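Number of protein chains: 4
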Amino acid sequence: MIVVLKPGRDAQEEREVSRLLRDAAGVRVTATTWKPTGEELLVCDRGVAADLVDQLTAMSAVERVVPSTGTMRLAGRSFSATDRIVDVAGVAIGGQGFVVAAGPCAVESAEQLEDAATAVTLSAARLLRGGAYKPRTSPYSFQGLGVRGLEMLAAQRKRTGLPVVTEVMSPADVELVAGFADMLQIGTRNMQNFPLLHEVGASGKPVLLKRGMAATIEEWLLAAEHILRHGDGNVVLCERGIRTFEPLTRFTLDLSAVPAVKRLSHLPVIVDPSHGTGHQYLVKPLALAAAAVGADGLLIDVHATPSAALCDGQQALSGAQFDELMGALTPVLAAVGRPLAAAPEATRCR
Amino acid sequence: MIVVLKPGRDAQEEREVSRLLRDAAGVRVTATTWKPTGEELLVCDRGVAADLVDQLTAMSAVERVVPSTGTMRLAGRSFSATDRIVDVAGVAIGGQGFVVAAGPCAVESAEQLEDAATAVTLSAARLLRGGAYKPRTSPYSFQGLGVRGLEMLAAQRKRTGLPVVTEVMSPADVELVAGFADMLQIGTRNMQNFPLLHEVGASGKPVLLKRGMAATIEEWLLAAEHILRHGDGNVVLCERGIRTFEPLTRFTLDLSAVPAVKRLSHLPVIVDPSHGTGHQYLVKPLALAAAAVGADGLLIDVHATPSAALCDGQQALSGAQFDELMGALTPVLAAVGRPLAAAPEATRCR
Amino acid sequence: MIVVLKPGRDAQEEREVSRLLRDAAGVRVTATTWKPTGEELLVCDRGVAADLVDQLTAMSAVERVVPSTGTMRLAGRSFSATDRIVDVAGVAIGGQGFVVAAGPCAVESAEQLEDAATAVTLSAARLLRGGAYKPRTSPYSFQGLGVRGLEMLAAQRKRTGLPVVTEVMSPADVELVAGFADMLQIGTRNMQNFPLLHEVGASGKPVLLKRGMAATIEEWLLAAEHILRHGDGNVVLCERGIRTFEPLTRFTLDLSAVPAVKRLSHLPVIVDPSHGTGHQYLVKPLALAAAAVGADGLLIDVHATPSAALCDGQQALSGAQFDELMGALTPVLAAVGRPLAAAPEATRCR
Amino acid sequence: MIVVLKPGRDAQEEREVSRLLRDAAGVRVTATTWKPTGEELLVCDRGVAADLVDQLTAMSAVERVVPSTGTMRLAGRSFSATDRIVDVAGVAIGGQGFVVAAGPCAVESAEQLEDAATAVTLSAARLLRGGAYKPRTSPYSFQGLGVRGLEMLAAQRKRTGLPVVTEVMSPADVELVAGFADMLQIGTRNMQNFPLLHEVGASGKPVLLKRGMAATIEEWLLAAEHILRHGDGNVVLCERGIRTFEPLTRFTLDLSAVPAVKRLSHLPVIVDPSHGTGHQYLVKPLALAAAAVGADGLLIDVHATPSAALCDGQQALSGAQFDELMGALTPVLAAVGRPLAAAPEATRCR
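Line order of the protein sequences matches chains V, X, P and R. Throughout, the numbering used here is defined as the position within the first sequence, counted from one, plus 813. Throughout, the numbering used here is defined as the position within the second sequence, counted from one, plus 813. Throughout, the numbering used here is defined as the position within the third sequence, counted from one, plus 813. Throughout, the numbering used here is defined as the position within the fourth sequence, counted from one, plus 813.
Please keep in mind that the hints were generated in silico from the structure rather than gathered at the bench. Keep in mind the model is a prediction, meaning the values are calculated, not measured. Worth double-checking, as some hints may not be accurate.
As the list claims (entries may be wrong) - Sample of chain P residues at the chain X side, in silico, Cβ under 7 Å:
1. A894
2. S951
3. P984
Positions of the beta carbon are idealized from the N, C-alpha and C atoms, including for glycine.
Based on the provided sequences and hints, a complete structural model is requested.
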């Protein structure tokens, strides 16, 4: 339950609201501001009886009382009926347009990134993705270029005009990464890394929150809630496959999660068919399926030479394959009434 | 590995082929006829060394030697590169056209079935589905109408012209059910009921083989192999969701399985988003995704009054909702270059 | 809910009970006899309001009204508080004694079976297991010896005095297999093969019901309920591992299921660590764990020459390894206050 | 593969070894010291051909060349055949003795912790566990007392003599938490939080690494490898249940993981049946099973008043229940030849 407070309310009246919630109903309350609207909120850890809702609603300090969607508060549909649109340096995710983010899984060198960035820009991707800090199962695998990778990403942003999304793995790195990136990615292994969620929430940057590979939809939305409580409402969810018994695919891409999330939450959802399947030949059909199921966008691994990639090459598309995917995507999007998102101003004026 | 024998070969030469396989290579061999082409085959339980393949290929009784696609033999791509088209009383599954089978999960009464059959016929379904024998987790749930249900299905086939697909649960019932149905359905709980697979294979009817809810894609294709060995090649696969940890959906619909199967096998694949999600509001988006991902058709629960259904009502579409789904489906199919399948002659002349 | 009827009740009064349930409460009722006690029951598909329970309890035809344990009826703790003991030709499963069934996964030859039977008898196994009909994922794997295998099992029973447990796969084979076996096994792939469950229930033989590899505990107990409704109460459950994402073991043995089942149901539970892990080196530690967790027995693959086994050799113990397991088992059983079950009379007099 | 270097080797010869690995074989190498023995190592990202192994072995700077156990290097059996014993402030985990760590899931107050600490000390627990920083799915749940909780833990250590194990969630907190704790716990949600793993490795404290709820055994051991590369070899693994489709238990406790890990690795493994099952009534039987399967210890939730716990009360044992568990545990441990671990000196002298 959320109590939305009236602007210009009396301090004494506000204290009375808090007192009622805490003392009468035993509710724990967190005060926060919902930055998208500037509303001041008392977020409650649970709901209260109907007559207390009535009593609260009648109080002069109270604008309205919002019941909860399941365990969600700020992320829930009951708090915001309208779909949230997240602005990433001029690219709108969650509105009418469909947004494709593409690029290499890992930044490996300036040349490799430039080649991929050129390819994805030409094929109408709207965001450049690439990892400078790579969470790797084995400590003996390539761990990413770190700051040098961030600098290469910034250089390609400048050259192509595409905003950059990149992963951050540690709370201590958030400020650094936010200095280079337009959107911070939380990887599947960190979906419940709560100190990291709080830090990216407070960074002021939009956040791309990948679903944990064994996370339920409810846990995923509660992870978003952790970010929203510390942030300004700019969270985009990314379905990337869950762990099942099926060995033929790397993960099982759960496309039902897209309409399920949209029913429970106002947040945008995109789909990563590259990690979600783990195989090049599955990326295009699952990308088309994601568009048809109602996703707001895609995250695609693109590498100029997939066979030479230092990370996840077996799932990366070449530039030509990516272009083919984008060509096939357009009519499917038209069939479900959504165009590809417009390019950001910086790109358009090129 | 499969050794395809030459027509008109010499008996002595054929014996020599068998001897080589068994004695020299220790391979166990099953002789069978592939009815779609009339070819006579020696299906081997494993492959042999390259020089023995050469030796076999050179023998006068041998037409060609087919390597295996993984563990598959008759179901594998290496045995048949061209997509198999399964004819169900005039409706072609697996060709260019996209086939929708629809109807109630369980036949409950003549009226209920008639209402559903009318609705699905009007909205361009090409097959009528409905269960007369229902596998139910609890013995205290409705178990189906049995023969009376089959009679009702046959009556609606006559009235609407739509071929009928219905489940058979016991080898002893196969002959009976095949007397009423145009296609026999093997349910998810029976995917590895091998005596039943052999019986439906031998029935002469096309078979719709649902994926076991915990079956790997390989196990599913091997279950098809069990049918193919006893039958005439007419197997259609149906992805219907797998069991995972996610509680919000009844199962997790594995759409990646569609292109994965098509790479390994020549058999058609359709998708059941009703059972695969378990929720009415998820059926339409997942049906569109199934079309986009490359499925050959759909299996949809339709009930005139879903809230009154005796079985799985929470996932059934009303006639109006089904019509809306079909309306949305057409442009998505156009986008991927596939029309809805033509109606069988019987329906067309109405 | 179950209504237990009084012996010697008036027919008119019984009709009144049924009328009340059906007409007043809308409950569907199945009349059955619980053979272990001879009680006549009305098994209801759901419960009724407390005042109707009171009204029913007061009726002269009613002995008592039993509420349900979740969805269970006959299998539930509320129906029978005392642990059920299942007698398999003189071997008691579910009482104080701990019962080990052992033998080869598949009967391959008279010699192979004799060697294994000798080994397991000497090491104090109390039941001989072995498969004559083998459900195999691939149609090109060894499918079992059929009737010849049954005859070999019967010969070893005669020789060793050990009762025999063997799998039946098809309803049509139940009578045949029951003619040779002392206990009928339902394999994991057939846990929800309902026609088969009904047939083994009606056979008069005790049934060993393996858990489906993707079955919840509730579904497993409802499968037992299917057997109990047609049978005489002699069902033993067998935990044999469930399917998960972990690739190092063939299945994940779910030992929590043992105390969980014992809380919900009065039926005995044994554990199969051979199939449940798929690896020889894991069988002994998991067998000891099964004893410690409160299982009523074990099912162990034993083969004189595991490396030569036609089926699942990588999980079979040699005779010496089985003897070592039994040696290690005894003190663990003593620690939890349970002895190994006594041998049946036939063996004891040897 | 690991190349162990000779003490007192020549710098020129060492360079030659590196050159061979890098230039001739294309291997990436990490130099590190294995603190338990003081050996200096070159850890390679993969193996090399047999003749190069011979060449390396013959070099004067090389002590020996260790092949890899699968993907493991430092954590693998091939690197160390003897079981590792981890010393936690005088308590040895991994040796002959069996170690029980117990205490509340979350530290809630000085009184609550004191009550629990008293109970577990009296019943022969050897470590006190309790969370001051709690990773919680919902931001509206109790998040732990932070530093105040650490101070309460330190006070109880002083009073009872039991070393303290507590969770750390953020790299920035490692130094702080290590100032109060004797062992740092990495929770299931952080098993692949690599910056955190590196930080706890470098802290000098022993680490308790819980298995990720969807982690394979191989991924778990590779997470340990991340810690070992930065640390001094003191890692204890903790199996705590994996996520499956079974809803009756909170997780599925994977006891097969214990002997599986012991085969692959020399690290100790303990089991958490409290989180692993999520239900009070399952803790004791699964604890006994863990002892029988070969675990080196247990982690148990104990709370003076489970029903009043702020976190996971439904799985906590009361002091009396914990004492009963310990009573039942002793004979099972005796049956498998292991005593309870001796108390640390501090406790013994009380």
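Open item on the list: Of all the hints numbered above, which does this structure not satisfy? Sort the numbers upward.
Closed with: 1
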